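Chains as they are written, first to last, in the numbering used here: chain A, 1343 to 1702; chain B, 210 to 519.
In case anyone wonders, no lab produced these hints; they're calculated from the structure. Keep in mind the model is a prediction, meaning the values are calculated, not measured. Where is the CB? At the ideal position from N, CA and C, for every residue including glycine. Nothing false has been slipped in among the hints.
In the DSS-like style, the derived pairs of lysine-lysine whose C-alpha atoms are separated by at most 25 Å in a straight line are:
no., chain 1, residue 1, chain 2, residue 2
1, A, Lys1571, B, Lys333
2, A, Lys1525, A, Lys1493
3, A, Lys1397, A, Lys1609
4, B, Lys327, A, Lys1382
5, A, Lys1452, A, Lys1609
6, A, Lys1617, A, Lys1401
7, A, Lys1525, A, Lys1668
8, A, Lys1609, A, Lys1465
9, B, Lys327, A, Lys1571
Between beta-carbon pairs, the in silico distance windows are:
no., chain 1, residue 1, chain 2, residue 2, range
10, B, Met298, A, Gly1688, 57 to 63 Å
11, A, Glu1648, B, Phe336, 44 to 50 Å
12, A, Gly1614, B, Ala303, 46 to 52 Å
13, B, Leu487, A, Ala1415, 21 to 27 Å
14, A, Val1410, B, Tyr394, 50 to 56 Å
15, A, Asn1495, B, Val345, 27 to 33 Å
16, B, Leu274, A, Asp1613, 53 to 59 Å
17, B, Pro477, A, Ala1415, 22 to 28 Å
18, A, Ala1415, B, Gly506, 32 to 38 Å
19, B, Leu377, A, Met1700, 55 to 61 Å
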Amino acid sequence: MERRTILKGGAALGLAAGLAPRTLLAADPVKVGFMLVGPKNDTGWSQHHYDAAMKAKEKLGDGVELMVQESVAEGADAERVMSQMALGGAKLIFATSFGYMDSVQNVAAKFPKVMFEHATGYKTAPNASAYNARFYEGRAVCGYIAGKMTKTNKIGYIGSFPIPEVVQGINSSFVNARKANPKVEIAVVMISTWFDPAKEADATKALLDQGCDVVLAHTDSTAPLAALKAAGKFGFGQSSDMAEFAPAPRLSSIIDNWAPYYEERIKAVIDGTWKSQNVWYGIKEGMVGIGEISDAVPADVKAEAEKIRDGIAGGTVHAFQGPLNKQDGSVWLKDGELPDDGTLAGMNFFVEGITTKMPS
Amino acid sequence: MDLSHMNAGVLVASLMVASVPILLAALGELVVEKSGVLNLGVEGMMIVGAVTGFIAAFHSGSAVLGFVGGAAGGAALSMIFALLTQFLMANQVATGLALTLFGQGLASLLGQSYVGQKPPLTGKLPFGPLADLPFVGPVLFGHDWVVYFSVLAVGAISWFLTRSRGGLVLRAVGENHDAAHSLGYKVRLVRVAAIGFGGAMAGLGGAYLSLVRVPQWTEGMTAGAGWIALAIVVFASWRPWRVLMGAWLFGGISVLQLNMQAAGSAIPVQYLSMSPYLITILVLVIMSSGRSRASLGAPASLGQNFHAAR
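Next up, chain B with everything else stripped away, as it sits in the complex:
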């Protein structure tokens, strides 16, 4: 295999960029699932975030406002899910799937007059001469702010879930909502907040697609990224830093296989394309062959609706 043409620094840098959308969406979904809610509508919230982010950026001329718009769009859509599952007690799996279908339709409706338009650009943060360092330059100092934000978010969420009072309450709600309720915690409120956060993060991920990575609005542009984000949460056994690893693995392999092709590698690309999924299956098999469901790390109340009167 001839990898001499490939610049490792550029490769690592582009895998970090490629994994930002799925990383953001997966982090949001992680928090949602930690609170005991399974929202399968990530794909729908992402694509709505992609289009609302694009619209906000296009009209305001500011990419930052675009990301705010994307987060708001994703969060707004997630509130429909919150209303249906937390107050009307609808089935979470069915509602989540419906949310994806609805989101895709809504996004193409909203985006109709924005096809072919160009958004304001999101530039790289200026690190001056640091960006010209070999390897370290492109990897650490050659990105736009969203890339740094996504990595910081991993640390912040990890801290929140394990070190803060709010995080412990959220996890308690996700592990045993009846016990949390009897202690006086507002299960519904916590879950609605988590769902809203998850929607905002998915929306941010979508906005990154339409504002930075592609950058334009095209119908159906998330092309399954939301489902990969869902898979990564399981792959990471609900741990933030493993989500980062998983996202880089998925993003990394998709970039690596494109780069290897471009460099004329002889390895059949099919093997590379399926490798993240193979690894996911492997990880799941290894983890679930452990002692119990607990070793998998799934919140015990995941996907169960809560009703105080029960």
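Same shape as in the complex, but just chain A:
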């Protein structure tokens, strides 16, 4: 018998033994693993997941024990960390970056008794859920404000990788900026990392050099806002509110609100009602929040942006609504048509009007 099999068996036994009497022994906490792609205090993406985990734990009390591992590289490292957590007795593991997707699938197959939750992916398994937020709904609001606020008619967008989540954000920002200002153009820079403050600052400066005066960032640090502040231009908070940069350069923000979901899922494990699912929540469900629109934004623009926000929540306004063409001029959505979730989740094209080519 190989050592791994013994370990696995041991872990499974341990879990089974730990699970059965839980209802009787309240003192035995449920171990929940959180794997973060950046440092837990990056003031953006990872910090928000971490804070949400802490909030969920606070709500659920002593019945939960957290195992947090920060700055885990996507790839082989992620599998090692998750296996370690599973062997260490974790009952539920949250993997909070898109790039962990295949690692989650691999580890989930090895530990069928451990439940997995993967953020922003689309692959599921009987013991692995996927959860994602409709960030592009938030981008619609920010894009609209950006379109109104730009004086050079040029907005910038810092992306990480050309994955569907980022492409949705770019398209949504642009489509809604055009609604606010038909002359607006967008410049896109991909920096091939989620977190590198120096590179994010450089990308911001490159966009400013190209004449952009409002920059939306889809990366994890506050470096773009710091650079925008120095230049006296505008931007938005990303992942967390980044209110320390309000009222300018931070005009508003897209807030990832994971805490209610984490609480719900951990509770489901405690109650034994956890089932694999694939959810995609937006402004309506509260997973995407829009930060307070600052006073640097004129009152009428603010009111209009809030109307879009509430309209999206109520289902009367949509980030994408036909007529919309793809970049090559072919029809994507006919007049009044709405995209289905499948197309959105796999979005790999820019809409008409964006001049940047999709990296292949």
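Given chain A's structure and the hints, the job is docking chain B onto it.
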């Protein structure tokens, strides 16, 4: 390719700024390696410099004091390396790697309460109307003092290593520490001084990141700049002016590819992103295909510990 939107002056100016951290760190490491010591802890010393510089600037309200603090922080960390490798004879490669890991942890501990704070600003030096000249203005007269300092440092170190007595002693120690010892030079002292200098320069580079380029403290903010600095020293075959070229090449391409994207260039960015590394490999292949190790320019005693009793 449409480069008409790109302003060459602004581009060159921003590549000079972008390469300052790696240039400073690489210059420090060059001196360390010339003395025969291989310190792989550049990344760790940089990030400690970034946080101590930030803390010093934040509390004193002076950016200049911040840079002093950054240099002091980097130098202090390097003294741990000096103690371990020069007095306790620890393996330099292992100690250097450990120093990086330790530095990263220490920096995030020190920086915990400084996340989200803003440092005092480092302004551009006032050159008056000169700064408005086309091309020359932004390239030569549009920078903060650290940029000029980093270029001056290249000249000063080049002079020191080739023209001064101290530099010759340092190189002698790096080439053959036994011979230098038998001539009566204090090998350990020279090396400890070089290590301290290297730490201070790496700390300065880190402080430039947290005080000027980003400017704020964020955990993990060096993001591999220290490793690039190490690569540049080899790329430059241990010559100061080539370090400057290498730093501008690395810094330049990273800025260029961002600017080209922003300008809507059709060249896939992946090719640009990997080009500095490709060039490094090419240079290494060409240089090492030469006659001997000497053509590469590596100090002969690099990475070897010295013990007087041997």
